[in-house]
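A.B. asks: Chains as they are written, first to last, in the numbering used here: chain A, 1 to 204; chain B, 1001 to 1875.
The hints are simulated quantities; they were obtained by calculation from the structure and are not laboratory data. Please note that a few of the clues may not be correct.
As the list claims (entries may be wrong) - With a cut-off of at most 27 Å between alpha-carbon atoms, the simulated BS3-like pairs for lysine-lysine come out as follows:
no.	chain 1	residue 1	chain 2	residue 2
1	B	Lys1710	B	Lys1330
2	A	Lys50	B	Lys1210
3	A	Lys50	B	Lys1330
Computed from a predicted model, the values in this text were never measured in an experiment.
Given next are the chains, with one letter for each unit.
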Amino acid sequence: MSKLGMVFDLKACIGCNACVVACKQENSVPDGIFFTRTLSYEYGEYPNVKRVYIPTICNHCEDAPCEKVCPSGATYTRADGIVMVDRDKCIGCSSCAVACPYDMRTMLDKSALEKGLFGTGELTPFEKQGYGRYTPGTSLKCDFCSQRVDAGLKPACVATCPTNARVFGDLDDPNSEPSVLIRKRGGRQPLPEKNTKPKVYYVE
Amino acid sequence: MSNQEPTQNSLKPGKWINSTCKMCLHSCSTRVHVTDDGVINKIEGNPTNPSNAGKLCPKGNAGILRHYDPQRFKQPMRRTNPEKGPGIDPKWVPISWEEAFDITVREIKKSLDEDPRKILPSLEDFQKMHIWFWPLAIGNHNFYQSGGTMCGGAYHPLNGYIHSAFGAVNDAKYCNFWLSNGAGDGFSSHLHAAAQSHWVAKARIERGMKVVAVEPRMSIAAAKAEEWVPIRPATDRHFAMSMSHVLVYEKLCDYEFLRKDTNAPYLVGPDQFFVRDENRQIYVWDRKDNRAKLWNDPTLKSENMALEGEYVVNGVKCRPAFQVYKDILKDASPEAMEQLTTIPAATVRRIAREFAKEARIGETITLPDGRTVPFRPAAYNYYRGAQGHKSGMMTNHAFQLTNMLIGNIDHPGGRCGVTITDGCVDNNHCLPGECGQMLGAPHQLGHMPPFSWPPNEYHLAGFFPVGVNGPHLNMLSYLEPEKYGSTFKPDVLVNCHSNPVWSIQGPRDKWLQFLREMRFIVCVDVIPTEMTDFADVVLPSSDYLETYNSVMIEPPYTEGICFRQPITPPLYDTKSEEEIFFEISERLGVLDQYNEVINLILGFNQKPHLMLEPGKKYSDRDIAERVGLLWNDKPIEWYMEHGHSSTERRLDKWYRPWDGMRLLFYIEDLPFQREQLRRQFEEAKVPFRHEWPFDDYQPLPTNVIDPIHKEAKEYNLYAITFKDIQLNFGESLSIPWIKDITYRDPVHTGLLLNRATAKKLGLTDGDIVLVESPYGRLYGRLATTEAMHHETLGVSNALSRTKSENRSALMAGGHYNDLLPYDMRNTDGATGQPETSCRVKLTKLDDWPDFLKGGSTVYDYIDSIKNAKGKGGLQ
């Protein structure tokens, strides 16, 4: 058993969004949808101003509200902690999207698959080979690149990140890279008051 | 998952092929996955290359969508609509390659037979220098491509003087204090962006390297820095000199290095030249024996060389070069420079002291190769934003002198020269010059053509003996042919992977007219651009996932060849650039000349068995194979397997490659070049000889104020433009994924103006404004922020597209480059580098002008993202 999770190093992140594009190419993500994002916030007053780049992703919560509200059992948690969606069971009710306090669920609109990335109505060979995994009307989200993980690889966003701002591994293993980082630099979970027990942490 | 088949692209049945990225001009190593059905579905970094270490930037991650862009040129095409203009449909008709070559060669040949100078080349494939230098085969030195001065126009020649190298980088492997002045290295752009940001992040996270960023806009570097110091645009030289003032007057320099490893002790006379004996040997002052000695006097010890003082040698009053700079710096105190830079003097003094302290002057380190060398883990990094100003050569020199004063040049942790390519693995790039000095090598991309009057080059390159090609200067010959002595007018444009319509500064309407007057334009390209809107014939090239190439192009910490190979056969009826240019050369009857040019440019003449033979045409594969063999004698099969021969830079070529020679603290070649050029101007009676900016050639920088600061007062703001990592070095905004990330980043969604300044001017967030400079105008929408210098408007490059046939690249309200001057008043006489910031005024408008009301501008797109439901909105 393990508890796979991710740590975002806010000091390392340069907001380049290589992660976002890597995710889109690995998962053939339809137009307008993001499984991961990097946000940019300014704070302070000139000239004492700062900007922080904040990567976001499905937090694969231990007490996942999306899983609790899912009426069809489409949302489930794997033994290794990855929160998954079975598109064949998903009835497209949007409960998960409403329940997720992090706004990490997207309902797939048919038009995204039809218009294509270039908006021409014709799909590129890249899209044609990739869109088979999607069913319009179902709920989409990040699955930590579960098939890559099963193959012993890191999620695509982690693998490409130039600054190693995304650290992935088993949070149950005290010696794993993310566990060490959380311990050493005081990892914080997003919206802890929601009691969802996110498996995603931030270090500054 | 409902089925067992892999749905993630990298796990689908297929194979991985090692190759090289070309989504910018650099060359990160990739591994590309192609499915059993022949579809490219994943590009990753190749972890075996110690440069990018498996990492890729967003552009590198987006190459698939360039490959499968439905707007790619699919076969040769000929225009049928005689009307040319931005976004006007050329009404292409497909033609055969045979017809395309026929027309192209016929039209080029008309001009070639008449006067080869009537051909205007614009060949920008930075990974294929052998294409770039094709014009030499027809005896042509014109230049219209988009790089050059909007890149490092003054940066490269000065690096050539200081490092004998094309580029330079702070050594992230050891650096602990990284001063970033108007630069993206390590954070957002420039040298191998994914690689550099990787190593710089490691230094920041693992070693706690401190970063201080000095720039008008809080860029990514400043966002990650411990301290952001806002500076008024075009005063970077003055900041650098105020830093140097503190180092010199508070005696914080590495005097041992200056005495032993530089020409700072060499004695300079009142004429700016060194004081020499009858054999042209240079004098220094021996402060122990209290008399002048020749630099190579066996009784002279470096520790006795005077750096300061005033002396008389052979009746000539003289000072050591160091003293000359010290005297110049007297007027560059932080207090005096604050008036110009707006940086509080106390801030400069604090940063300068910390810079010197972190340099650990006196400490050494023993390298794995056994050498013990100075350890200087502090360095001043600068690039496009800081260097792109009127007095470019002096400006770059001022930056490097700040480094040189603390003794960090080519030392661990310091400022290190980065060669563009070494050719063969054993080549060192530093050569001895006269009197113990290293040979200054400003011509890192080849020598400029010799002076001629009337000028042989439409862009006046012969007037810039140590500069780079300034494409904006074509406008001078075009608009004032009599004044600039133009005896010919280019009428054929040969364009390859270049977009000068978008990239060159100056008035767009006049540039467009310039193009309309061309008799014939041929464009070699992959997708439509602002430039191909003007083509008469398009020769479609295969893309980087369909061709071979071998290149080493200024990797920061590594050396070796990055190898590109086809992942799939060409999707369409396209050809490699090599096929196209060998064919054109043969049909023009200049194939032998072209092969000679390539032997020289790619260095095949260093290994005679690799030389191209007369009368033979070669493929992209042939050239790639030879470049690999030249480097390390490995056959192409080896490169096809490994994808690169990249290794960490060899220590003897990386640290102190000039060991035993003296670096050029004082660049005597600059006054020498100035006087020679002045004589040539006088002898030829060049009519504008009295207004030519000869004063820009100085052996040491001065604190002269650039003309941008003297514009009419009504232009009450400055303006700058910027790119980030996803826009770096080339077109990417036509790629949906790049648009996705760019227009969700607040800095690319509006013209950036300091919030308090906006309030003072009666403006507010979201206002539509007209931006006017003394030279041009654009429209835009304000995004107020705390992260801009209080006098400066920031215009993202993503908000500078104009209408074009490429429907994916969204037009904004004009182009930043329209705001910029193209004249000699604002061009560095020494390098050709033009001013790239400007003065502007803002006028609030009630609504967009009519031509921007169609609902198809970049601002409409940004609104559609903001208004989108669910995912993807600005949060």
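A.B. asks: Taken at face value, is the distance from the CA of Lys1210(B) to the CA of Lys50(A) at most 27 Å?
C.D. replies: holds (16 Å)
A.B. asks: Hinted pair, alpha-carbon criterion (27 Å max): Lys50(A), Lys1330(B). Please report holds or violated.
C.D. replies: violated (35 Å)
A.B. asks: Would you check the hint for Lys1710(B) and Lys1330(B), treating anything up to 27 Å between C-alpha atoms as holding?
C.D. replies: At roughly 23 Å apart (the allowed maximum being 27 Å), Lys1330(B) and Lys1710(B) satisfy the hint.
When the structure is compared with the earlier hints, a violation turns up for hint 3 alone.
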